[in-house]
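Please put together the full structure from these sequences, using the hints given.
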Amino acid sequence: MTGWISEFMNHPATYLKIGWLQISVSNLLVILLMLATFALAVFLPFPKGHDDTQEPRT
Amino acid sequence: MSISKESKHAFDAAPWSGKTKRYDIVKEGTIALAVVAIFALFLSLLMGSPDETPLTFKGWAVSNPDNFYATTVQELAGTSGTATYGAPYNKGAEGLNVGPLWPQKWMGVTHPIDSVNDFVISPLSTQVMSTEIASAVATWKAAPDTQKQDWATAYDDAITKVEGKISDVPAGAYGPVPALAQGLTDMAKGGALDAALLSQGGFFQTDNTKQILFFGDGSYLDDAGTAANLQGGTWGMMNETGRYPGQAWLWLYSFWYQIPPFNNEESKPIGANADLYIMVLMGVMSAGLIFIPFIPGVKNLPMRIPIHRGIWRQYYDENGIKRRKK
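Chains as they are written, first to last, in the numbering used here: chain A, 1 to 58; chain B, 1001 to 1326.
Be aware that one or more of the hints could be misleading.
[Said to hold, decoys possible] Calculated pairs, BS3-like style, for lysine-lysine (alpha carbon to alpha carbon, straight line, at most 30 Å): (1) B:Lys-1268 / A:Lys-48; (2) B:Lys-1091 / B:Lys-1161; (3) B:Lys-1008 / A:Lys-48; (4) A:Lys-17 / B:Lys-1189; (5) B:Lys-1005 / B:Lys-1019; (6) B:Lys-1268 / B:Lys-1008; (7) B:Lys-1021 / B:Lys-1008; (8) B:Lys-1141 / B:Lys-1161; (9) A:Lys-48 / B:Lys-1019; (10) B:Lys-1008 / B:Lys-1019; (11) B:Lys-1268 / B:Lys-1161; (12) B:Lys-1058 / B:Lys-1141; (13) B:Lys-1058 / B:Lys-1161; (14) B:Lys-1189 / B:Lys-1058; (15) B:Lys-1021 / A:Lys-48.
Hints were generated in silico from the structure; no laboratory data involved.
Structure representation (structure tokens):
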């Protein structure tokens, strides 16, 4: 695979280092995306308007 | 209206009494699989895959011939990492332990590797040897084991004293060891050692254990790992070469290697056996995750951190249960 994106990806990564904690920017982005997806799953309302819902059981 | 904590918990524990909806888990799973497959295909086409230059014995012997040479001598002297590893490759050490647990030793030698013959003598014997190398191999094979050990150990010690600079090693009673090491270095420089090590297992060979172990005994693989931020002591378990994201889900496994006493190999017993201690620790923690519903205190965490009331907030609102104390 060639192309500028592939070339960009195969260059040495940037690492963030705070004391003993070290993480690549790529990994940090993936973790933030996962957290954002989780937050969306919690906070987005369930879709409404489907006609296949059933009333509460009594 | 204020509802007591007990009532809220009782409501949480009661069967769902809100609206229900038909749910086809196979349909849902198929849609999820298709979305992920399209996403993975798109990203693969866009970004390609990690494309590092392969590590080869030729590359090692050409870029750092002294280190390759010194490592060969260590293989002959039995002082290399492989020769002193223990099970499953040999009986060079008893292996890691946690208290009375010695799993490495108990499993035994299941993948025998003789660093002298597998890494040095056999590869040299696969090629057409010069008179000098053929004579060195013959001398080595004919000598008693104690004599071989004396030659190789003396040369290994001499190389260590001059800090690996081969040209500075004083003359001594090293027998055929210098010729063998030079022969293997020349063989590696020509590219023949890569093929010779790979061909030891059969026609369709996929077992690269010997190559990896030999690489690991010198500085070539170690330096490449450091350059790519793949060392265990710098969260390398989570990383990938280049700018590709790595195994972020291994953060907890990797975390232990960053802190004392796990990050100090000299610290006994934990640091010296860190791999096994961390494996056991993660095993216990994984079991804890599986058995959350049965662990007192932990099993009540969803009541203390009621994320579920946020997800199904409409249901809770309709039933007069507030999600947060005001």
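Evaluated hints:
Of the pairs offered as hints, the one joining Lys-1268 (chain B) and Lys-48 (chain A) is violated, with about 61 Å between alpha carbons and a cut-off of 30 Å exceeded. Distance hint between Lys-1091 (chain B) and Lys-1161 (chain B) is fulfilled; the C-alpha atoms sit about 27 Å from each other, no more than 30 Å. Distance hint between Lys-1008 (chain B) and Lys-48 (chain A) is fulfilled; the C-alpha atoms sit about 26 Å from each other, no more than 30 Å. At most 30 Å may separate the alpha-carbon atoms for a hinted pair to count; Lys-17 (chain A) and Lys-1189 (chain B) exceed this at roughly 38 Å.
Between the alpha carbons of Lys-1005 (chain B) and Lys-1019 (chain B) the distance comes to roughly 24 Å, so the proposed pair stays at or under 30 Å and holds. For the hint pairing Lys-1268 (chain B) with Lys-1008 (chain B), the CA-to-CA distance comes to about 50 Å; that exceeds 30 Å, so the pair is violated. Our distance criterion of 30 Å between C-alpha atoms is met by Lys-1021 (chain B) and Lys-1008 (chain B), whose separation comes to about 24 Å. As the CA atoms of Lys-1141 (chain B) and Lys-1161 (chain B) are separated by approximately 27 Å, the hinted pair is consistent with the 30 Å bound.
Of the supplied pair hints, the one linking Lys-48 (chain A) and Lys-1019 (chain B) holds, its CA atoms being roughly 12 Å apart against a limit of 30 Å. Restraint check for Lys-1008 (chain B) and Lys-1019 (chain B): satisfied, since their Cα atoms lie roughly 19 Å apart, inside the 30 Å limit. For the hint pairing Lys-1268 (chain B) with Lys-1161 (chain B), the CA-to-CA distance comes to about 28 Å; that is within 30 Å, so the pair holds. Between Lys-1058 (chain B) and Lys-1141 (chain B) the alpha-carbon distance is near 26 Å, which keeps this suggested pair within the 30 Å criterion.
Only pairs whose Cα atoms come within 30 Å are accepted, and Lys-1058 (chain B) paired with Lys-1161 (chain B) is accepted, the gap being roughly 26 Å. Proposed proximity of Lys-1189 (chain B) and Lys-1058 (chain B) is supported: the alpha carbons are some 5 Å apart, at most 30 Å. Of the supplied pair hints, the one linking Lys-1021 (chain B) and Lys-48 (chain A) holds, its CA atoms being roughly 11 Å apart against a limit of 30 Å.
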